[in-house]
Each structure stands twice: as structure tokens, then as C-alpha cells.
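Asks: Each chain is listed here by its residues.
Protein chains: 2
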Amino acid sequence: MAIEGRGEPARLGEGPPSRVVIEGVKPEIDAAQFPIKRTIGEEVVVAADIFAEGHDLLSAVVKHRAAGSKTWHETPMSPLVNDRWSASFRVESIGRHEYTIEAWADRFRTWLRDLGKKVDAGQDVASELLEGAELVRQAAGRAKGPEADWLNGRAGVLRGREDQAARVQAALDPQLAAAMAMFPDRTGSRTYERTLGITVERERARYGAWYEMFPRSAAREPGKHGTLRDLEDLLPYVASMGFDVLYLPPIHPIGRSFRKGPNNTLEARPEDPGSPWAIGSEQGGHKDILPELGTFADFDRLVKAARDVGIEIALDIAFQASPDHPYVREHPEWFRHRPDGSIKYAENPPKKYQDIYPIDFESKDWRALWNELRDVFLFWLDRGVKIFRVDNPHTKPFPFWDWVIAEVQARDPEVIFLSEAFTRPKVMRRLAKGGFTQSYSYFTWRNTKVELTEYFTELTQTDSAEIMRPNLFANTPDILHEYLQYGGRAAFQARLVLAATLGATYGIYGPPFELCVGQALRHGSEEYLDSEKYQVRHWNRDDPASLRDYVARVNAIRRENPALHHDRNLRFFHCDNDQILFYGKITPDLSNMILVAVNLDPHHVHSGWVRLPLAELGLPTGHGESFQVHELLGDARYLWNGESNFVILDPASSPAQIFRVRRKIHSEKDFDYYD
Amino acid sequence: MAIEGRGEPARLGEGPPSRVVIEGVKPEIDAAQFPIKRTIGEEVVVAADIFAEGHDLLSAVVKHRAAGSKTWHETPMSPLVNDRWSASFRVESIGRHEYTIEAWADRFRTWLRDLGKKVDAGQDVASELLEGAELVRQAAGRAKGPEADWLNGRAGVLRGREDQAARVQAALDPQLAAAMAMFPDRTGSRTYERTLGITVERERARYGAWYEMFPRSAAREPGKHGTLRDLEDLLPYVASMGFDVLYLPPIHPIGRSFRKGPNNTLEARPEDPGSPWAIGSEQGGHKDILPELGTFADFDRLVKAARDVGIEIALDIAFQASPDHPYVREHPEWFRHRPDGSIKYAENPPKKYQDIYPIDFESKDWRALWNELRDVFLFWLDRGVKIFRVDNPHTKPFPFWDWVIAEVQARDPEVIFLSEAFTRPKVMRRLAKGGFTQSYSYFTWRNTKVELTEYFTELTQTDSAEIMRPNLFANTPDILHEYLQYGGRAAFQARLVLAATLGATYGIYGPPFELCVGQALRHGSEEYLDSEKYQVRHWNRDDPASLRDYVARVNAIRRENPALHHDRNLRFFHCDNDQILFYGKITPDLSNMILVAVNLDPHHVHSGWVRLPLAELGLPTGHGESFQVHELLGDARYLWNGESNFVILDPASSPAQIFRVRRKIHSEKDFDYYD
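Protein sequences, first through last, are from chains A and B. Quick note, the first sequence lines up with residues 1 to 675 if you use my numbering. Quick note, the second sequence lines up with residues 1 to 675 if you use my numbering.
Read the hints as simulated data drawn from the structure, not as lab findings. It is possible that some hints are incorrect.
Where chains are identical, the list cannot tell them apart; a pair therefore holds if satisfied intra-copy or between any two copies.
DMTMM-like cross-link-like pairs, simulated, lysine to aspartate or glutamate; straight-line CA separation at most 20 angstroms [to be verified]: (1) Lys344 - Glu131; (2) Lys426 - Asp56; (3) Lys426 - Glu193; (4) Lys26 - Asp463; (5) Lys344 - Glu134; (6) Lys117 - Asp163; (7) Lys117 - Glu347; (8) Lys364 - Glu134.
Let the hints inform the model, and build the full structure from the sequences given.
Replies: As C-alpha cells, this is what we get:
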């Protein structure tokens, strides 16, 4: 039993409650209400305050296992300072894992320490040796076979007739300590009161480059509505830039009622295609494909062809309906109603969105509704789609997401959910805790050195990194930031490198991105002029001014450098120029060390001195000792020397440099004839 | 039902789970495992992140009650920024209290907000008024009598035949909003998943001045062993200095075996009295009084006489036994044994403490042992003692303290426990969490400006302040800090003022403190020379050099100024001289404002400019506007002006100044004939 200090007298149980305290466990999210997130093979570092009264030595282990397994794996914890202990383990399979901590007062190690002190002080230890013999004998009882025999033998020596010095030597023998550690006496141990969860996902949950594209604009000929077959033809283009995920806005039939015209005008002409997010018409709903785009056969071909060039198709799931959606006819009870019986369209008073009916998640028929929405995911999962970008999840109840993500991942734990929630920080965080694999972020609105440093320190160095994986989109069909509107080609390059190296997962919305399209609907708006959201566009993907090759180079650098496949290893370094952001990502074994310098001012050349903590990075600190940095975008090599080194970044060529540090520099001693 | 985001598919329950999230609750200690601490009448400020998806307005209340009561009191919470909400309440009775949070999406307030926006935009709201009428009608169903009638009447107006403008006016009527707030629709509300505890104690738990004194040295004549009757005669002396608590080291029979001589020598002469902490002899144990001190009748007289002069007697409870303690004969199983059957004395290898047998709290007979130790507290409680200073609790298991404190406070919630744990921070904190009312602190070893500022910021401005109340002893029989050894009279004055004003509760060990006794056993030791721990001393309490009057003045200032009765209101202010510590304590209504400047260098005069945030403190910020500060130790008055003011502190008179700010300064406008 545990007596907790709750102020009420507690009944005394069978044995005395454990003396050991385990508290301040990290990571632990909301008293273990939510699991942390990892991908397969990743490390989990667990730390806790562990102590008891008095001076006994403690031993502690982190226990972890795949959920459902009956066997715990144990990793011994090491004391740090101030009663803090730590250990780490790797998660080696996809799915749910769990961990906790067990700690106990270690009688043998305490006895051994005290024996040593007494021996050092020249005290008689006859009685102590008898006590030790008893501890060893008990351990033998927990052991089996030859180990039990060996321990019993040792116990015999300790309490035997040899002289005290010989018996002390036997007691202090490290082999005895090692054997005793195998059969510890855990009487009175404490197991932490909560079991903590880990959601382990596949690598793509953590690392990947996304490309967003409207199929409607995939046609080879101007003026035609693009199809899934056209999109298939563009796969080599996307693959040549090195993307891992091709994300498509909704491909479902589009409503006719209150359809929006170009540039979000209220009156659509008959030929206007409408917004893909106004889902549902007499042609079908969330489980159907817009006929103009093609057939299910075309879709299946696309998924397969993409897979063949190493690209996964991601679909957009937007749970809302146009007034023409079959749900409206078949399940009017899934929507909210006015007193006159009509269905309520979406509003943000005084704004009205008459082309959209929001779904009532608290409908009387909510159980059937939730099941149907889950089935939308399962439907596309059955067609081979394992990545879903979820539209506006922050306007639907959290418990729905908690439930539906768990349901879908129970069917297939490889499914990835990206939360498109541009909303308040705690709402975004709650969606992440509830199960979303990845989240859109505020990256688009973080453009200065202070903004980027503060935001990415929070994202990668706090508890946030345990639960929320940002997917850094440099632009989206909804967000053309002023930095891109007014910064020209260099701004696109800078934001690309920032997204691709600050984040293990990032994305661009193309072709507008690689074609450096910067024209907004009007000054002060972040909407694109002639947005693909409301019309078919035709893009010149072969424009010589395209950043296509630059994007390809950046993505190749990402693939070649494992340091860039993680978020938590981000570290900012000093640069004396406030327009230059300087940071690095380094693998734990220091074998892959990437440094990035970005000139945030797209208009002017900037230079500065960047500073590295050489000793920590295992770089030569001696005067005159150099190391090589290989600039990977331009394929140039520099010798750097000492803490501070010089960089100069010209937006006319590339506002960013990505350095791989090569630690070893040859000296005359490497020369064949030196010796 | 709640679907928690634990990664497993959750079964759907009766109704849809609540959309509302409540997280990041403060104060909450270790997932509500431990209660926070307050004294009667104190405020509890509760804050939490509260939000739901979408744009609905939320309402939230903090609910609190005395444990055992069936009725919750509710306090409406107010939104701050970033989805943070807050409310506060007062605890008005001693004992256990509890609190939690309930929050819900407020349909009426959301409707009202949206109605207002639509009306402002000139939209037709006929349908909206019908919706509102229905909400009001439902509220009438939750109300009774005239309120129900009134609400039904309002509903009738909203859906009635008056023109829309009149019905809108009726809807926006603040009286309707107020009535609706009384009968809220809490459908789908969320109650925070944990109920949090508050231990509410009497004022002395938070605020008091302690005086520690050895009864053995209370005799009027030199060479005689002092008695409880002698101590009674000294009560006026203690009272004249303004102390609230008189704390006595153990008063029990003292063991003979391995008794320590003066200055902790191993060989005691027959006339040496031994250490009061070597408890137990053939004369009795923890429930007995050393015959040299007197009888139970004397003790009862002392308790009563002290009470008559406003002083409470505090006893020292040290759970350990001399080899002569009756427990050793009667309950040998309560101690640890060597293999040869002898009882183990205390050790910290290679040091041996043969005069002390530690108690084995994990003894086979632990239940009887724990009950007996609890009965020690109850025994003295029955004799009128309600304050216990517990010796070395950090060498006994935490679960014992959790249990025994709860048991004793269940008998009498007025009992105060002071933890004498000078040990590692997390161990001290755990004792506090487990129920100790107060704790010794590291104050004695914090002597510089940086040390004091950092430590007291932690003690008063972090979670620590919710659970741990420091009792700032300026010296103890074990700790004569070098600052006092080498700093002379000014050092004693400075430490007194620091203790008495940094802490709502503080103490001194006298007469050595007020007599400025600074001689240590040897250089490098914190032990007193000729310590009372091992011998009877005789003190000249009438020494003209005594700080008695200074102490009396400081304690009088404490009593007169309620700002000094609290810890959490401590605030450090800037002073440009690093030897001057400048800080303040202010009541929430700003009616009592105390500023303290202490020269930490006992050897030299120091002066400096101290800086105050005038606007925050409600002080005049205008050029040429003055305010008065009344220096209470020297009874001098100064006019201060502007942010920065000058102080000079001479250790030869007083190294400290305590200012009371008097906000109002007269001007010519106050003069009778001005108008």
C-alpha cells in the first residue's frame, strides 16, 4: 500500500510503505494523460528525482515495453546531481509503448560502501562480514544453478575462517558486486504510480519533404482542367526535386450552391470550378472523386506510380459539407438547424459562409456521425492512402480527434495525421497531444532572428518536442507571407533553406513556390492573386528562373545528412550580425554535423562572425588547428579556425549556406614520408 | 465519459464527451498527490488553461469546499490572455479543504455575442431571436418561482410580435444576461479530473517569532541546573522581546551509556548532564521529564504561564533512543541488530555514535512502533503542547511522517510541525509536501546579496511557496555561522533583521544570539564553544551590550505591520551597492508597505541608491511629488522623491533600516486657509 500525504489519516497496510520517492518524472505529459511521440529507433531519455530518507544507496531502473507485452525491459538509471537520475532506451517497433520507473534502497551496495569506509579507517569488521554473508546467501536464494552455487560459495568465504583481510578482499571483489547486481533485493521498492505512454510511428512521421499541388492545375495544355492522369505525368517533376510526400487538396465533388468564383467572389460563372473545400454534390461526397479529375482507377494508378518513384500521396480531409453534399439529404440531423427547420451555414458573425454547412459533432445521432467520419479515413486507407492532412481540426471537438485517430491507427499504425490548425498555441498543442502526428506551425509568420530563435527553441527544446512535430510549410494556398511578396527570389531561397533545415519535416506549395510567385490579391492580404483555390491555373514549370534545381539540391542535402532528419538536435549559435541566423544540427555521435547560416535580409549582402563551442562539438580548440567546412549548396570548402569564423551571404546568389563540418584536417604528420 | 488521448481506441459512451479542456492547473502539486498549504483567511489564486474548439464563449468556475462538506462554493473565473483563466477565494476554516474547476461552452453568452455582431452589421435576426427565446425558456425551466416566471416572460417577448428592434433591445438587456448567468446550461461541461487539496492551518503556522532556549541554563544562580520553574521565571524576559513561541530542546531523561562530556568529548564526568538528544534512561523515555528539570505539574504550570503572556511552548521530538531508553528493554525488536544479537548504534561510517540507537521504522513490529511514536505526540498534545519541532525527520521514512502528521492533525488540526531537516533540497521539499507545517531552511548559509535574492525568490515566488513555509533561524545550537563568528554585533543585527523581515516566521537561539556570542569551538567549525548541548551554562541576560531591546523593537515592528506576516508578498528591489540588500513586503491593498535595507557588510559603512517601481506601488510618480518613509528602528522620517533614493547604513549603530511608506504628503492645498 502507499500512504499518500493527502492530509487524511491513512490506514496502515500489510508491510511498511516504500521509503523511496520517485517524482518530477520527465517526459510526462499532463500526469501521463497523453503519450509522448517517437519514431521507430528513436531514443527516449527518462529522468526523475529519486531519493529516500537517510544515506542508503539507491538503485533504479527505467522499465519499458510494447503495450500488450508482459515483459518489461529494464535499463539501469544513473544518478546525476541533486537526486536527479536518468536512463535512456530505444523504441524498436511501431505502435504503443509504455514506460515507468522502479527504485529501491540497495542493501548490498550500501553495506559494501560502509564496509569500505570502515576498512579504510582500520576498524574491525567481523560483524559486518557476517551481515554481508547473509545478504549474499539471500541473493543466492534468488539465483539459480551455477550462479546460486557461486554466490553460496562467496557467502561461505565471507563468514568463513580465513583471516579478516582475505574475507574483506573477497567482499570487495568487483565480481561479487556484479553478481549481486544480477539478483537484487527489491524488498520495499517503489514503482512510479503512473505508467507513461509512447506513440511510436514510422520514420515519415518525423522526417520528410512535402509538396502540395492542385490536381486541377496539372493539365499540360492551358485552359484545361487537370486530371489525376496529368498529375501522374508530373510525378517525375516532383520526384526530381526530391520530395517524399505529394499532398493534394480535396479531390471530391464540389458543391454548386453558393459556389465561389475566382478570387473568392460571391458569384461564380457556370465554368468556374469552385473551391475544393466546398465538398459534396449530387456527384457524391467524401468518399467520391470529382469526375473532372478522373476515376478511382486513375487514383489507384497515381498512388502506385507515386510509390514507384518514392513518393507517398497525402489527402486532405475536410469535415464540412456543401449544401449539395449527400449527407445533407441523407442525414440532415448531422447539421445544425434554424428554428424554421433550415440548415445553418457556417458563420463568423457578421461573416456568412453560405457555401459551407458545418457538421454538428454533438448531434443527437453523434455516434453514427462519428463512425461515418472515421469510415472516410478508412475508405481512403483501403485505397492505399496513409497520410492525411486534416483541414481545420480546431473547429471540431478534441474528443472526436482523440477517438478517430486512435481508431484509424488501431487499424493501421502507419497512418499519419497532419493537423492544419492555425490557431491559438494551446489549442494546437492539445490537438497534438490528442494524437495528431504532425502540426502546421507559426513558422510562416516567424521571419526575424529573434522570432525564429525563440519559436524554434520552444518547439525543439521544451516539452513541446515530446508531443508536437511541426511541419514547416514555407507557403500554403492560404498564406503568401509579405516576406515572400516583397523579398523576391532570395526570400524564397531563404525560407526554403530555413524550413528544410530547421524542420525535419517541411513543405512547399508549388509550383507557386519554386516559381517565386509573390503577387497577393491586394496589399495587406496573404491570399494569392488568382488563387488555385477558386480557379484552374497553368504553370510554366520549365521557367528558367525556377528554383527547381535549388530545391532539388536542398532536398538532396537533407537526404544525405542524417542530422537533418531530427528536430530535437537543433541548436542556435551566435552570430554578431542580427540579419544572419546561424544554427546547427548534429547527430549524437558527432559523425554528421551540419551548420546553417541564413541571411534573413533578402535585399542586401550581409557578413558576420559566427561562433561555435568547439570543445563541445569535438572540434579542435588548439591555436592554429583548423577544421574543414564543406558548403554543400555551392560545393565550396573552407578551412575554419578557432571559435569565430567569417561568413558572407549574398542574396543575389544564395542567401543561405549549409556547411558540413569535416573534422579531420591533414597535417604534415599524415604525409607518407613524415616519419 | 471521457476519451483520453491514450492512443487506444476508446469506446463511445452515452453522450458525446465534453468539448472543453482544462489543463495546466496551478497550484497543483505532483498531479494533486499533495495538498497546498494556507492559513485561515488566506487567499488561494487558481489558474488554468481552459478552452474548447471553435469560437464559443466559455464560462468557468473554481469550486471549493471544506472536506466532508457536500456543497461546493463557486467563484467565477475570468479569462486572462492566451486561454489562461483565473479566480481566487479565501479559506475560512481550519482543516482540509478542496477545490477543482468546472467549465462549459456557454450557449447563451455565445448567442448574445453573435446577435450583437449581426445587429451591428444590420442583418435580419428574426431567426436568431427565436433561438434566443428557446434558450431563455430552457433557463426558466431550471429556475423556480418568480425568477422562472420572469424568464418565461422574457422568452415570450423575444419570440413575440413586437417589432424586431424592441425584441433585440430586450435580448441585449443586461438584466437578462444576469438572470441567465444564475441558471446556466452546463450541458457538456467538463469538471477537472482531479480534486486538489488545501491544508488550512491557524495563523501561527504562517507567522510567528520563535525563541529557542535550554531549560538547563535557566537557573538564577551560576553552577545550578536550571528547572522548568526557573524557566517560568524567565517568561517575562522572553515576552519582553516580543516572541510568540518558546521552543525547548528535549526535556526527557538523558542516557548514561556513552554520555558525551563538554564540547562533545567522548568521556563524560559524573556531573556532566549529557546531551538532551540522547533520550531515555531508567528514569523514562519520550513521555517523561528529566527529574532535574522538574515535574509534570511544573510543566503544566509553565505551559499555562506562557500562554498567559502570549507565548506558546514548543517541544522537540527526536525519535531516537539512548542505550538506556525503556524502549530498548521493552521493544528490542524496534531497533536493528548485529549478527551477534546486540543492538546497532548510529553510524555514519567511519564515525560511530554509540550513545544513540536509531529506530528501525521497517521493524517487523512496525505497526506497533508507529502507533507508539504517534502516541508520543498525542501525549504532549494532551498536556497542551501544539507545536513540535521534529529533530532530523530526513533520517526517518517519508511515509511515516505522512501518516503520523495526518493522524495527529486529525486529532487536533491546530498542531504545528516544524521539520528540522538540513539536507538536500528535494528531501526537504518532500517532507514539506508530506505535511510538515514549517521547515528549517538554508537561510543560515545564505549571506550575500546574490545568495539571499536567489534563495528567497525560489522560496516565495515558485511552487515552493505553496507547500513549504521556511522558519528562518538566525542561529541554532548546531549552527554558529562564520558570518556571526567574525562579524560582531552588527552581524547579529543584520541577520536578525533579515530573518525577521524576509520570513513571516523566524527564530533565534538565545541567550547566545542576543548576547552576540560568536566564539566557535575552533576555527572552521560551526559548533559553539562550551555548547549548551553538553553542559549547563549561565548567561548574563542583563548585559548592557545585549541586543534585547533591538530584538524587542524588531518584533514590535513585525507585530504592527501586517505586510510582514506573509512570505509570498516578498519582492526584491534594485540597489546599486552590492553590499546593500533592498526589498519590500506590501499588503495587497497597499495599505501597509514595508521596505527594508540591510548593509550585509558588518565592518564598513555603505550607502547606495535604492530604486522603487513607483507606479506599481501606487506612489507619486510626478516630478517634485514626495512621499514619506518612516524608519521604524530609529524612528526617523525621510521625504523620498522619484524612483531613486539614497540610503546610508552604518554597522556601528544599525546595519539595517526598516521603512514604512506613508503615501500622503501634505501640500499647501491641505492648509486650512488655502481655498
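Asks: Taking the earlier hints as the rules, which of them does this structure contradict?
Replies: The structure breaks none of the hints.
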